[in-house]
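Chemist: Residue numbers (this note's numbering), protein chains in the order written: chain A, 252 to 805; chain B, 16 to 220.
Since the hints were made in silico from the structure, they are not lab data. For glycine and all other residues, C-beta sits at the position ideal for the given N, C-alpha and C. Hints are all accurate, no fakes.
A partial selection of chain B residues facing chain A, derived with a Cβ cut-off under 10 Å:
{"no.": "1", "residue": "Ser34"}
{"no.": "2", "residue": "Arg35"}
{"no.": "3", "residue": "Ala36"}
{"no.": "4", "residue": "Ala39"}
{"no.": "5", "residue": "Pro45"}
{"no.": "6", "residue": "Pro75"}
{"no.": "7", "residue": "Ala188"}
{"no.": "8", "residue": "Ser205"}
Listed below are several chain B residues computed to face chain A (Cβ distance under 8 Å; list not exhaustive):
{"no.": "9", "residue": "Ala38"}
{"no.": "10", "residue": "Ala42"}
{"no.": "11", "residue": "Ala68"}
{"no.": "12", "residue": "Ser91"}
{"no.": "13", "residue": "Pro187"}
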Amino acid sequence: MNGDAPPEPQLDRVPEALPVPKAGRSLPLVWIVPAVALAIGGWLALSTWLERGPVAEIHFRTAEGLQAGKTRIKYKDVDVGHIGEINLAADLTGVVATAQLSKGAEKLLVEDTRFWVVRPRISGSTVSGLQTLLSGTYVAVDVGKSTQRRRLFIGLEQPPAFTTDVPGRSLTLRSEDIGSLDIGSPVYYRRLQVGQVAAYALEGDGKAVKVTIFINAPYDRFVSANSRFWHASGIDVALDAEGVRVKTESLVSLAVGGIAFATPFEEAEPVPVTSDTVFELYRGQAQAFKSPDRVADSYVLVFNQSVRGLQPGAPIDFRGIVVGEVAAIHTQYDPQSERISIPVEIRIYPERFTSRLLGGAPKSGRLGKDGKFMARLVERGMRAQLRTASLLTGQLYVALDFFPDAPRAKLDLAHSPPELPTTASTLEDLQTTLLSLANKLERVPLEQMAADFTRTLQSVDALAKRLDTELAPEARATLAEMRKTLSEATKTMGDASRTFGVAEKSLAPDSALFAELQDAARELARTAQSLRTLADYLERNPQALLRGKSPDSQ
Amino acid sequence: MSAAAELGLLTCGTCGLLSRAPAAPAAACPRCHARLAFRRPRSIAHCWAYLVAAMALYVPANTLPIMYTSSLFGSSEDTIMSGILFLWDSGSYYLALVVFAASIVVPLAKIIALAALLASVQLGWRSRRAERARLYRMIESIGRWSMLDIFVVALLVALVQLTALAAVRAGPAAPAFGAVVVLTMAAAQSFDPRLIWDHERRRAA
Numbered sequence: 252m253n254g255d256a257p258p259e260p261q262l263d264r265v266p267e268a269l270p271v272p273k274a275g276r277s278l279p280l281v282w283i284v285p286a287v288a289l290a291i292g293g294w295l296a297l298s299t300w301l302e303r304g305p306v307a308e309i310h311f312r313t314a315e316g317l318q319a320g321k322t323r324i325k326y327k328d329v330d331v332g333h334i335g336e337i338n339l340a341a342d343l344t345g346v347v348a349t350a351q352l353s354k355g356a357e358k359l360l361v362e363d364t365r366f367w368v369v370r371p372r373i374s375g376s377t378v379s380g381l382q383t384l385l386s387g388t389y390v391a392v393d394v395g396k397s398t399q400r401r402r403l404f405i406g407l408e409q410p411p412a413f414t415t416d417v418p419g420r421s422l423t424l425r426s427e428d429i430g431s432l433d434i435g436s437p438v439y440y441r442r443l444q445v446g447q448v449a450a451y452a453l454e455g456d457g458k459a460v461k462v463t464i465f466i467n468a469p470y471d472r473f474v475s476a477n478s479r480f481w482h483a484s485g486i487d488v489a490l491d492a493e494g495v496r497v498k499t500e501s502l503v504s505l506a507v508g509g510i511a512f513a514t515p516f517e518e519a520e521p522v523p524v525t526s527d528t529v530f531e532l533y534r535g536q537a538q539a540f541k542s543p544d545r546v547a548d549s550y551v552l553v554f555n556q557s558v559r560g561l562q563p564g565a566p567i568d569f570r571g572i573v574v575g576e577v578a579a580i581h582t583q584y585d586p587q588s589e590r591i592s593i594p595v596e597i598r599i600y601p602e603r604f605t606s607r608l609l610g611g612a613p614k615s616g617r618l619g620k621d622g623k624f625m626a627r628l629v630e631r632g633m634r635a636q637l638r639t640a641s642l643l644t645g646q647l648y649v650a651l652d653f654f655p656d657a658p659r660a661k662l663d664l665a666h667s668p669p670e671l672p673t674t675a676s677t678l679e680d681l682q683t684t685l686l687s688l689a690n691k692l693e694r695v696p697l698e699q700m701a702a703d704f705t706r707t708l709q710s711v712d713a714l715a716k717r718l719d720t721e722l723a724p725e726a727r728a729t730l731a732e733m734r735k736t737l738s739e740a741t742k743t744m745g746d747a748s749r750t751f752g753v754a755e756k757s758l759a760p761d762s763a764l765f766a767e768l769q770d771a772a773r774e775l776a777r778t779a780q781s782l783r784t785l786a787d788y789l790e791r792n793p794q795a796l797l798r799g800k801s802p803d804s805q
Numbered sequence: 016m017s018a019a020a021e022l023g024l025l026t027c028g029t030c031g032l033l034s035r036a037p038a039a040p041a042a043a044c045p046r047c048h049a050r051l052a053f054r055r056p057r058s059i060a061h062c063w064a065y066l067v068a069a070m071a072l073y074v075p076a077n078t079l080p081i082m083y084t085s086s087l088f089g090s091s092e093d094t095i096m097s098g099i100l101f102l103w104d105s106g107s108y109y110l111a112l113v114v115f116a117a118s119i120v121v122p123l124a125k126i127i128a129l130a131a132l133l134a135s136v137q138l139g140w141r142s143r144r145a146e147r148a149r150l151y152r153m154i155e156s157i158g159r160w161s162m163l164d165i166f167v168v169a170l171l172v173a174l175v176q177l178t179a180l181a182a183v184r185a186g187p188a189a190p191a192f193g194a195v196v197v198l199t200m201a202a203a204q205s206f207d208p209r210l211i212w213d214h215e216r217r218r219a220a
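So that you can see chain A by itself, here it is in the shape it has in the complex (with noise of 0.2 Å):
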């Protein structure tokens, strides 16, 4: 309103506003909004804060399929959390993911909870993971039964074979090989699928393999101290005497091992299996029920013939009885003698020569001190001797048996490992035999014989030269002489026939002398039947020679 403003507006020609009576000094509603927004913003960051579970740290080899704040963590399919971050770990050997879990998830960080990535997986005997080809993969847990909280974890490589909550037992066995097993392989008992391999793991010298299986409840019940494992892979075949049998678990062991128990004996109650148990894994099920070795001793064979068909493993064969096996089998030369000798090493089981001892059986499973027992047997003549076990294929083995024919040996004990005298093998025996007669065939003057042969037979074609000159002729006049014989006995001859005609007619049936002939002939007849009477009382009443006929008798 100062005088150099613009000119007046005219404001007369503006209309007045309508008069109102004043609001009263409302409350400033508006600062609900911010009340309630800050409420909200406020309750929703608590919330998440609230939500927000524990972290726990998983060392992976790798990150394959992990995505850091996708990867879900899953408890039995139950999603408990997810992947935060994957970082590589300080030592650049692995990966460390942060994992994320949701509220409450304390109770599942404990000492011996295990992580491993779900991942689709196909080994021999199982397929795993499937789901994960469309949905990803994920980290499962398997939550432990300690109560000591961690926070950090190794996460597995490969899944567990079983997981905690399965009731159970985990046995620990020791084999020379894994064989054909693997994670997941079936565990059977007489048959039937009661478990599975869990893990593996080469034992720390090198030497032998632990595999870990793990037996569900309620067969765990069913392992003794006692049982025996073998590995049930492939196919048994046995060809005894009830032709050929062929035996195997099942076709899924015969495609991806297996592992197979038995306790050898029936047992009223099974022996408690401590948690330190190691069982010996078997080759196969004979060789799991052989009652086992507990000493073996080493002897030197020295064999005077070719080895050849004999191997390290073939059987010490005591009357068909297996006593041992070929340890070894080596070349010795001895430079004084400048000999070469081929000492086999053999290893006899002494218990297997006494399975039953009259009297009860040694405590230590040997009879005698450092083998006084085999010294015993070769005084009596026990010799090794190499046998044929195949014609077909050659394959040796070692017998012992008694040879009382044999020269005398004694086993010299002072050696190490001791010699046992050694006999030639039944063929070499054949051999020899073949050999001297073969020799004294050799020795025989065939030349001469032949000669001899020719002389006897010109010898004999002059005899027959001179049978042909001298006594030929002489046959010929015998032989005239017995034709005028013979003519002459033409001439007798018609004179017997006039004979014979003559006694014809006198024989007529109307002649005198016939009908004199006929009853000499019914005499004789009858005097024949009263013999014949005779005979038969005779026969019936021999006392009637001494005291005549007697009138009961009859």
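Fit chain B to the known structure of chain A by using the hints.
Modeler: Leaving out everything else, chain B in the frame of chain A:
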């Protein structure tokens, strides 16, 4: 330049009619009977209130997931920023920039600009009035762009409901973000731009 208020004139915000202020403590438009005032009553307080609310909700809107996606290929939850990063990573740079501008920059810019305007008015700054007036006009006009995200989420939630195959659910950030946009618009609306010029009159007086 004299302001209408100095001449005792009132402008109706509803029908635009100019009228003279009566002697009564309050006035109403003689034509449309709307309440009249020289300046929007408690403009600064309202503006601050909305602005504070917007700020309070801006944090959860950006940190909480805005969308849960579950499909055969797994489930995931996305915040606004992770969505933008995903777009950027997958090569859709322009789309990422658009979303970034509309969803992050614009609300934040609005909040900061409004706070600056309010502060400048309250502190009685005199410089760059014209620029500040232009800034206000800009804030008002770009306000609704920010609803882009909400539209996307709303559309996806409505469309992608294939139960087994895929499902999209709105996360807690979605209502928060919607509220931020609405609140910043309300704040811009409640701010009376005439206040920018009032100090000139006061100083001149």
